[in-house]
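K.L.:
Kindly produce the complete structure, drawing on both the sequences and the hints.
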Amino acid sequence: MALSPRLPSPAPFPPTYPPRGRQSGLTARSTQILALRFGWVVLVIWYEAGEFFHSLSTCRFPDSALRQAYPDSPAPSHVVLLADPHVPHPVLSYPEGSYEWVSWIRQNMDILFMKKSWNVVMRLGRVDGVVVVGDMLDWGRGVMDEGEYRSYVDLFRSIFQLPTSTPMHFVPGNHDIPLGPNRLFSPRARARYAKYFEPPNQVVSIANHSLVMLDSVGLVEEDYRHYAAEMQFGEWDSIEGGVIEFVKDLRERKLFLFA
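The sequence shown begins at 1 in the UniProt record's numbering and counts up by one.
Derived Cβ-Cβ restraints for the label pairs, each shown as a range:
id: 1; residue 1: Ala207; residue 2: Phe38; range: 40 to 50 angstroms
id: 2; residue 1: Val41; residue 2: Trp104; range: 18 to 28 angstroms
id: 3; residue 1: Asn108; residue 2: Met231; range: 46 to 56 angstroms
id: 4; residue 1: Tyr47; residue 2: Ala83; range: 19 to 29 angstroms
Don't read these hints as lab results, they were simulated from the structure.
From a predicted model like this one, the values you see are computed outputs, not experimental measurements.
Backbone N, C-alpha and C fix where the C-beta goes; we use that ideal spot for every residue, glycine too.
P.N.:
In structure tokens, the structure reads:
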């Protein structure tokens with residue numbers, strides 16, 4: 001009996017699955033990108049604005065506490081102390097050889113940060129006076145002509161703006177008036193400071209309080225002189241118009257000293 005050859009059984013069909021939706025994968029990825037972008041936007045807004053207003057919420061003038069403690073007293077006066085702003089010079093504040101465009105970006109970022117900070121301070125409430133405690137300009141002691149220095153001072157005042165009725169007083173720092181001679185320091189730095197800011201030594205009155213603005217840089221220089229002369233402080237006659245003479249004239253008064 002003839003037998004026909006045995007044919008191999010057909011291979012089973014592979015299981016079928018529903019096709020994966022390419023659209024769902026793209027949607028998931030676009031959602032992740034959108035969430036990432038949203039997160040970046042939130043971070044930028046927080047650090048550019050939210051951080052400043054958050055700090056403002058924890059910094060207030062203590063008016064309510066003063067009114068409770070002294071109900072019959074007049075309204076308290078508000079004085080803001082601004083320390084070491086170091087407004088950068090467009091060229092001299094940055095390393096020699098830096099690209100001009102890099103220095104421009106750095107300076108404008110610094111200025112933007114200072115302006116935002118100052119705007120937050122001005123939201124604290126009524127400000128009756130401002131005292132800047134040293135180093136208004138990062139390179140105020142440097143060698144530059146009168147016009148350049150005046151523009152530099154104008155930059156400072158454009159950042160820290162105040163109503164014309166609100167006084168701003170200044171205490172010189174070693175970046176405004178140099179300590180000792182140096183070829184990079186202007187011999188006219190002290191005269192320029194007195195012309196465009198205020199006299200280095202003075203007494204100002206705010207809300208019936210006398211505040212002393214003391215030239216501590218000049219005090220150190222005069223101290224070097226009487227030390228070199230091997231004289232004790234009480235033996236030193238002081239320089240005419242100098243810091244020690246100014247302080248001796250104030251010894252009998254009750255004062256708040258800023259140096």
